[in-house]
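Trainee: Whenever a hint applies, use it, and build me the whole structure from the sequences.
So the sequences go chain by chain: A and B. Read in order, the letters of the first sequence correspond to residues 0 to 114 in numbering that gives the first Met the number 0. Read in order, the letters of the second sequence correspond to residues 0 to 883 in numbering that gives the first Met the number 0.
Think of the hints as simulated: they come from the structure by calculation, not from any bench. It is possible that part of the hints are untrue.
To be verified - Cross-link-like lysine to any residue pairs, in silico, SDA-like; alpha carbons within 25 Å at most:
#	chain 1	residue 1	chain 2	residue 2
1	A	Lys61	B	Ala21
2	A	Lys76	B	Leu39
3	A	Lys76	B	Ser56
4	A	Lys76	B	Glu9
5	A	Lys61	A	Leu82
6	A	Lys76	B	Glu386
7	A	Lys76	B	Arg36
8	A	Lys76	B	Arg15
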Amino acid sequence: MSTAPQSPLGEFEVVVLLAVLHLTERDELAYGSPVRQEIERRGGRPVARGAVYITLDRLAEKGLLDSRLSSGSAERKLRPRRLFRVTPAGLRALRHAMGLFARMQRGLEPVLGDL
Amino acid sequence: MPSWVWRVVERHLRRRLPAGAAGPALGDLAEDYEGQRRSLGRLRSALWLLREARSLSQSYEPDRSSSFRLECLWRESRLAVRSLTRARWHSAAIVALLAVAIGANVAMFSLVNAVMLRELPVQRPAELVAVKRMSRDVSQGVSFPLYEALRERWQSMSGLIAVGDVSPAFSLDAASSAGVENVFGTMVSGNYFRVLGVNVAVGRALTEDDDRFEDPRPVIVISHTLWQTRFGGAPEVVGRSVWLAGSRFTIVGITPAAFRNLGGDRGIGGDYWVPLNMQPIVGRGGDRRRNAGASMLRVMGRLRDGVSMRQAQAEAAVLTGQLSTTVLMASTTIHVFDGSRGLGDATARRYWPALRLLSVTVALILLMACANIASLLLARATNRQREVAVRQALGCGRARLLLQFMLENSWLAAAGGALGLLVAIGGARALVTMAAPPGAAGIDLSLDRNVLLFTLASCVVTTLLFGLVPALQSSRGQLESALRAGSRSATSRSRQILNRLLVAVQVALAVVLVAACVQFSRSLHNLFAADLGFDRRDLIMVSIDGRTVGFQQPAQFVGLAHELIDRLSSLPGVKSTTLAATGFFGGARRGTSEFTIDAQPATPGRPSLLYSEVSHGYLQALDVPVVAGRSFAPDDRAGSVPVAVVNEAFARTYSAGQSVIGRRLGMYGDREFAIVGVVRDAKLNDLRETTEPLAFILIDQSPNRFNHIFVKTDGRQQAAVLAAIRPMIQQVSPTLRIDSVETLEDALERTLGQDVFAARLSGLFGGIAIALVCFGVYGVISYLVVTRTREIGVRLAIGARPQDVLRQVISEALLVVSPGLVVGLVAALALERFIASLLFGASPRDPVTFGAVALLMLATTALAAYVPARRAAKIAPVIALRGE
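Mentor: Written as structure tokens, this is what we have:
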């Protein structure tokens, strides 16, 4: 079991970290729009754009994500892209959070059903 | 795609998002927006964009409840400046309008402030009271005996001072021929400086010891200005001497620079102060210090601690009763008035009517400018309508938009006010120069707290006046209609109505201003064209001071007179030369109440008799027509029967039913003159005066000092003659002081100072008003044409001719201004009584004036509407239909 990070992750933070992980695992570019699309696709409901961006910012600030800017294209009106990657610390935090969930639900399968 | 929506979104997000976050977020948004546009279409994708942007900006907005903190105000204020600089020309036009309007108001106020409001630069001015002798409502001077009686008895006063204007010949050395011109002094009681609490800057002040009745000291305190201009500011000037009317006075002190006179008849400046008991030397008419009828002083008192004006007035009533049998003339009373601003007469009284009127005028100009600026802002509001709608969709509250607009307006007003202050500093000086009466130059126009506060207040008031309605209008955005290009919403209609209203207001105000302007010009024209009763053309009036030549015998003056006449007549271009004891328009006057007709003393209550000793040829040179009898003849000389010629006013007043010709006029104590002729009345001092009885006596038959020489030229060489007169007189008599050499036209213009002042300024303001109307009409009609581009295009497409469109637009403009015109004319008629007293020979309800003003306004409107109307007539139907 890993040591607990300073502050526990919020639910939406976990979701965003998982979305970034999905994208990078598939070797896709992980920046604002695809992250949001990933969440919406898997979650099946719209997510506010502002919430995604501010969460990405916050996670980067905590050192759970790191980011670099890539040059923009004409389609983007020459704006840069901010590409995200989950850091080892991010991975640890994610494991901790997911582990907590797993441990907490153990024994409640009859109530919660099959997730 | 409506790229402007994207621009607004971009600007908005750049403001709201942290620096690093904005770029990538905007990039993502642009990318997604492209996709949305393909699937959703223009309008819905735009709405989508706004929703997304709003979500972003709200997430990053730290705390919405604290959005009105100071920091936020600062940020909004910076945004306001940026937005103003984006609309560079628009802002510049508004600032310029404000600068002119606020500048005119501040200039006017600083004049009013200097003349009416500023307190005397003395200790505790609030304690000072002006003491006046009132005969009914007219304030009159105080005599020496009355002053002394009041000073001894009046318990409410801690001190009572007396002043009298003097202007004896002033020279810097004993036998100076030149003298110094235009130096005016005051004789003051010995307690003057002590009671006022004024310390001199150099030397010492006058004291009670200097001002003893017997043997007063010939000492003088000079003003800072005189010290600087005549003595070069040298400190060793104390102890030096100057000569007043030929007597030596020792300079003992110099007043501080800020000290002024108490407001005398010659304006506000005082050049020097001498002891009151020097009156026999520096004053007129010999020693009049024991004469209770010689009311040459003005009195000011300082109230004792804790004594109110009311108590002082109550005591004055008691004193009036006690003194009315002795030194106070019957039917006059003593009154006290607020003296903190000086004796509050001459200058203030003379200029107040014009100042009051012009203050109202500039306030109207400011109102017009506000209406104009409001129009400009409304026009801008239309351009910003879409931006505003989008910003509201992005989550910007109306209060916040309103704040931003009012901040923009405040910046505009601040810039306009600052520039206006500069305009005012130059403007106030220019106003005084335009007026140019003697003494006005002494008006202290320096900026003070009052002026700065006034400027600030003008800025605040104007911001609210011109800004509030457009800001309220602007902050009302309507998203759907804004996004549909080219559509005109209800907002734009109400804006048009507002615009028309603003133009109507401007026209109404302009009509009032222009009507006043036309009336003043006509009045001035009437004044200059007025019949003076003599021919003033090509006439030069020389004013001299005969006292400076030092003759003992009156007959010596006759010799000098003849020599002067001979020498001046020899100048090329001179038709004739003549001289007289009295002049015109501020010249000398001579009058007596001790005269007889056929040995009967004149009935008391009759006006005193003006008289003038003149040389032969005087009446001919001035072309005064003889109404009855004859003029002076060459046979009337020193030894022959003394004769007099009188004016019509004399004949009317003293004829008692019979002709005055042949009757005997007794004057100078025991001499009698046969009246041989009656001449037409002539205006002597003021065009508005009613002519007083006047008698002309020949100087040969009654030798006396003369004060004026009249030189009639042939008109062509007037300038040369003007230049030659002074040297010529100095050749004849080096000690004769020459006060002025001027044409009668100039002298007349000088006395018409207030009229010229009012006419020129109202002309200036009328011009500004017309320019503002042009500007306003142009703006509204341009706007109207833009909003009707489609309609006009369609009409042209179905066969309307361009001149039809031209006519339609111009008549629309006339329709817009006509309610304003009507209201303006009615207002002008209602207001005419305020200016009636300032007009001469012009009926204020003159239909010609009002007709002319109405025509002028309509012509101005048509002219201003012509440019946009032509633009409308040239609209190409295809372009109009294609929309924006």
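Trainee: Determine for every hint whether it applies to the structure shown.
Mentor: Hint by hint, here is what the structure shows:
1. A:Lys61 with B:Ala21: holds (20 Å)
2. A:Lys76 with B:Leu39: holds (20 Å)
3. A:Lys76 with B:Ser56: It holds: about 20 Å lies between the C-alpha atoms, which stays within 25 Å.
4. A:Lys76 with B:Glu9: Holds, at roughly 11 Å.
5. A:Lys61 with A:Leu82: holds (16 Å)
6. A:Lys76 with B:Glu386: Judged against 25 Å, a Cα distance of about 21 Å means the pair holds.
7. A:Lys76 with B:Arg36: holds (15 Å)
8. A:Lys76 with B:Arg15: OK: A:Lys76 and B:Arg15 at ~19 Å, within 25 Å.
Going through the hint list in order, the structure satisfies each hint without exception.
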